[in-house]
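**Q** As a plain string of letters, each chain reads:
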Amino acid sequence: MRCGFLCRFLWLWPYLFYAEAAPIQKVQDDTKTLIKTIVTRINDISHTRSVSSRQRVTGLDFIPGLHPILSLSRMDQTLAIYQQILTSLPSGNVLQISNDLENLRDLLHLLASSNSCPFPRTRSLKTLEGLDDALEASLYSTEVVVLSRLQGSLQDMLQQLDFSPGC
Amino acid sequence: FIYVITAFNLAYPSTPWRFKLFCMPPNTTYDFLLPAGIPKNTSNLNGYYEPLLEAKFNSSGTYYSNLTSKTTFHCCIWSEENENCSVQADNIEGKAFVSTVNSLVFQQIGANWNIQCWMKEDLELFICYIEPLFNSSFKNYDLKVHLLYVLPEVLAESPLVPQKGSFQLVQCNCSAHKCCECHVSVPAAKLNCTLSMYLKITSGGVVFQSPLMSVQPITIVKPDPPLGLHMEITDSGDLKISWSSSTLVPFQLQYEVKYSENSTSMREADEIVSATSLLIDSVLPGSSYEVQVRGKRLDGPGIWSDWSNPLIFTTQDVIYFPPKILTSVGSNVSFHCIYKNGNKIVSSKNIVWWMNLAEKIPESQYNIVGDRVSKVTLPSLNATRLRGKFAYDAVYCCKEHECHHRYAELYVVDVNINILCETDGYLTKMTCRWSTKAIQSLAGSTLQLRYHRSSLYCSDVPSIHTTSEPKDCHLQRDGFYECIFQPIFLLSGYTMWIRINHSLGSLDSPPTCVVPDSMVKPLPPSSVKAEITAKIGLLKISWKKPIFPENNLQFQIRYGLNGKEIQWKMYEVYDAKSKSVSLPVPDLCAVYVAQVRCKRLDGLGYWSNWSTPAYTVVMDVKVPIKGPEFWRIIHEDSTKKERNVTLLWKPLMKNDSLCRVRRYVVKHHTARNGTWSEDVGNHTKFTFQWTEQTHTVTVLAVNSIGASFANFNLTLSWPMSKVNIVQSLNAYPLNSSCVILSWMLSLSDYNLIYFILEWKILNEDNEIKWRKIPSSVKRYYIHDHFIPIEKYQFSLYPIFMEGVGKPKIINSFTQDDIEKHQADAGLYVIVPIIISSLTLLLGALLILHQRMKKLFWDDVPNPKNCSWAQGLNFQKPETFEHLFIKHTESVTFGPLLLEPETISEDISVDTSWKNKDEKVQTALVPLLLATADLEKGSICINDQRNSASFSEAGSTKITCEDEGRRQPSVKYATLLCNSKSSAIDDEQGLINSSVSKCFSSKNSPSKDSLSNSSWEIETQTFFMLSDQHPNIISPHLTFSEELDKLLTLEGNFSEENNDEKSVYYLGVTSMKKESSVFLTDESGVLCPFPAHCLFTDIRILQDSCSHLVENNFNLGTSGQKTFVSYMPQFQTCSIQTQKIMENKMCDLT
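First to last, the sequence lines map onto chains A and B.
Residue numbering for the first sequence is 1 to 167, as defined by our numbering.
Residue numbering for the second sequence is 1 to 1149, as defined by our numbering.
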């Protein structure tokens, strides 16, 4: 018990340090700007523009859906899944987006720390069920859908950030 | 029976690895009963903490020739510490006996081996090394060594004797030297288990079997020899021996250091330490030290490693420590020195320090460390300057004024390397650049950029992290290294520094931390457009922001007139949402170029590149600012009481027309006709008739937007033209390009608006120049190209609200004339000479003239010889009609050879003549030759002293017919007309038209006119008809009513008529001395014919010219003069004739 508390304190120490160093307003601004940047990056990928939003793609249930994300920890978990999927994609375009998600998750942690509700960082997830099959059989669909849903999720997060989401 | 001798360890507690294995034949041993091949009671090495680490058997073998096969030797274990050999003998029945035998017995009669067994440092391999030491005869047999071992699964505190079948056999590798090595892999989990083993050595059919031994592998670990042995002299003058410890062994080691000092006296020592270094005090200059180190487990059993390779360290007579220092700029370093002079060490108090043998280091920087060691500290070091090939500073340790040649080397490197990073506009790549110029002097060094990435942002004070990564950088042509991070973490902090690796050490530049997001150089704005807004007249520049970054941006705009060297003007926009800006520009009708760039509004990052330039297009922006300034030239026609006014203006400039004038419109306003407009088009001149008292005109400029609002008015007023307010006007030439005009004004009740200054070259109707001058100006500088030899006329017009006033006109420079007279004193000498010369010439001409006159008049032919004059009484002529009637009756008309053209000339005809000596009154009459109407030419002359008429339909016809062509004769008629016009009405129109052509003062008011005198003198007209080319010349000669007026008005010939065709002399068929020709120089219509021309030469031209008509003017001022019967002849010549004539004339002259 004691070890767990100590470990958690040590784990959060860097974030507390950064939270003190970086003004919270700057962190919030950077978070929003980074979300906009990722959204623009996805828009800038040519083959994602022409995808119809009306068409629903099935069989990719491992990709998070477009549900409202109301808490910072939930945002972090969702982004972690997206990051894992993007890292698995062989396309070079998404590598930069994966890095951006890494930064975005760090910013969410900072925001949570500033709200005095730090949460542990989502560790590496287990292999998503169906990801390997999807990557092998339907790479294009996977990339298009994951980017599309990520874009929607980010825009949803952007709106939520204006309302000071909870932990 | 097989006899097995088993070693027993209980006899060697202290150094149990120092065992000897002695073996001897069975008949010489003690008989023991052992179990079948397997000793039951094995030696338990674990019972002692002094482990059995090595079994070393020093055996001396004896060859026994009578041994049979399968003979088994009894062996025992012997160590140096215990000379008694423990022997365990097993018999077949399995009973064992343990006995102790003096080892000397085995040494004398048995065989022996050197055997070492240990665990390697990696704790994975158990090794036994066997070295046979048999007699030479015994070595001839093959040696086979097998190690049999048991490694139980379970750790037993008291191991049991393993069964025979449980042993595993390992064959040992034997080399040519009969040395064998046995390897047994020991799992890490069984390091603490008891390994039971025995050796079975077969050689020459003899089997040597060692006693059963047991050992825990962890207790016999033998480390590798220490590495990295190093010796250096410490700051305190001690010799520090250091080495590196092994990282593989799981326990701490102890080390044994063996060193020797070879100086004036030999010194050896052997010390055991637990640290990885050892200090040897009082290092001596001029000595050499040899050191070796080995290690062993510090706590618990273990085996000493082998000795490391010996390291020799030699000290010089002067010891610098450290001998070389590599450091960075600004740091503090210290050198120590021990100075041995001869055999005596110099006291540290007497040591002084020098730098580069050039400057003594201040003593305040010295420090005494003991009696022998001196220390100097060099603070705040500057970068080492390259001295030829030497890239270091030499630090000398000296004794007063004596320095040893050895020195310490100090390398100071400027490691303040700036690392500049820039993130691209797509936020995917960060490029970092750094220069190597500051560290070029350090040869043999390598540079490396190392970085550490933090998850978010940078810390306030960047520091060098122990965990860093290198980054590949590539040297560019500009001497910069370039490192590219791609992809990047936008908000992570990249702490970077440059590591300089050198043989003397490594240096790190001060670390710098950058966040890629704050180093963005955005893409330039796109879709930049520039235009001049219509009707508003502002330069509007619009753009689109780049897609990245998402931060708010500020914009910078530069714009200027397009050209080779653009003078840029800057404008900054701090509104991130702005997409365009409108700027005032002075010239709305010029091409502007504009560029835009952007940067983050918070100031982070860099300015983007300038966008591609955008250019404006010149187009109409507004209605013209103003209409053109204009002036007028008035042509007065006093006869019709009309004035034609020509308005002049310059094309409107772009700045005023905004930007292109399509047309001009002249707007009139008079009291009677009101207001009306006339479209002038693009012309800059317009003429209209000024008929009313007051006429106001305005010139408007019109472009595609509309007409100008502010326009200039000019009121032409008859009454105002007499208002004179300019009292005086003076012109002073400064030089050929500038003239000053000044004037004085008188008081006036009229509202003076401005002046118009007009100037031109006097007597030339070339370009009139004018300027508008404000009314307040009293002096004005005209900048123009003035020709000094010309006279200029300057006119100053006051312009009132009510109209144009009376101008003040001057025709010369005021001051210039005075100066010219004063300056040109030479003229007073030259002018009289010229005048006298001219007088003499004139006199000569007069004399010549009189003589020629006499000569010519003597040769005047008798008119009676003319055919048409046959029967006429010239002494008493009746009337003109009679004269010609008679003539026409006898003369037939020939074909008219005159070309269809009009020749007009002034002639004077004496109204009456009776004889050649009688004076007759003459008048000037235009001679009109209308060749188109000359098929039947007629001349009508009214001789009523005041009138003469030429009638085409008249009955009086003059015909000159060559009756006898073979007889050269001159037939002529003399027409004498009065200047009064005739009363024949039907001829009037023709005459009028002819007169209007010839004497139109409007068309040629002043050019090439006959001089006044030419019209005042009496003139005579002669028609000389060639007998060889008889033609009828019947010009219409009449007098219009206008003639007198024209004559009184000093009418001139029109230039056009004069220039269209020249009149030439065709020649005289039989001139001889009968006829003479006089030409007036003033007559522009006549070819000047030199008086000295010979008529014989002129005759040549008869063939080419069909007619010759000449107008002869006799100089004179009086209206009456003695008439000379003479017939001048005129005719137009063809071009060829004209050329021939000209050539001939030149020959004549």
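Bear in mind the hints are in silico, worked out from the structure with no lab data behind them.
Mixed in with the good hints there might be a few duds.
Heads up, simulated DSS-like pairs for lysine-lysine below, C-alpha to C-alpha not over 27 Å straight-line [said to hold, decoys possible]:
1. B:622 to A:32
2. A:36 to B:545
3. B:577 to B:545
4. B:654 to B:667
5. A:36 to B:544
6. B:429 to A:36
7. B:626 to B:535
8. B:344 to A:32
9. B:360 to A:26
10. B:622 to B:569
11. B:340 to B:360
12. B:545 to A:26
13. B:577 to A:32
14. B:429 to A:32
15. A:26 to B:521
16. A:32 to B:296
17. B:521 to A:36
18. A:32 to B:579
19. B:535 to B:579
20. A:36 to B:360
21. B:296 to B:190
22. A:26 to B:577
From chain A, some residues computed to sit far from chain B (all C-beta separations above 12 Å) [what the hints assert, rightly or not]:
23. 31
24. 34
25. 43
26. 44
27. 94
28. 96
29. 103
30. 116
31. 128
32. 144
33. 148
34. 163
Glycine included, every Cβ here is placed at the ideal spot set by N, Cα and C.
**Q** None of the hints should be skipped; say for each whether it holds.
**A** Results for each hint:
| no. | hint | in the structure |
| --- | --- | --- |
| 1 | B:622 to A:32 | 47 Å, violated |
| 2 | A:36 to B:545 | 15 Å, holds |
| 3 | B:577 to B:545 | 9 Å, holds |
| 4 | B:654 to B:667 | 22 Å, holds |
| 5 | A:36 to B:544 | 18 Å, holds |
| 6 | B:429 to A:36 | 18 Å, holds |
| 7 | B:626 to B:535 | 15 Å, holds |
| 8 | B:344 to A:32 | 78 Å, violated |
| 9 | B:360 to A:26 | 57 Å, violated |
| 10 | B:622 to B:569 | 24 Å, holds |
| 11 | B:340 to B:360 | 20 Å, holds |
| 12 | B:545 to A:26 | 23 Å, holds |
| 13 | B:577 to A:32 | 18 Å, holds |
| 14 | B:429 to A:32 | 21 Å, holds |
| 15 | A:26 to B:521 | 20 Å, holds |
| 16 | A:32 to B:296 | 62 Å, violated |
| 17 | B:521 to A:36 | 18 Å, holds |
| 18 | A:32 to B:579 | 23 Å, holds |
| 19 | B:535 to B:579 | 21 Å, holds |
| 20 | A:36 to B:360 | 66 Å, violated |
| 21 | B:296 to B:190 | 21 Å, holds |
| 22 | A:26 to B:577 | 21 Å, holds |
| 23 | 31 | 9 Å, violated |
| 24 | 34 | 7 Å, violated |
| 25 | 43 | 8 Å, violated |
| 26 | 44 | 7 Å, violated |
| 27 | 94 | 10 Å, violated |
| 28 | 96 | 4 Å, violated |
| 29 | 103 | 4 Å, violated |
| 30 | 116 | 18 Å, holds |
| 31 | 128 | 23 Å, holds |
| 32 | 144 | 21 Å, holds |
| 33 | 148 | 19 Å, holds |
| 34 | 163 | 20 Å, holds |
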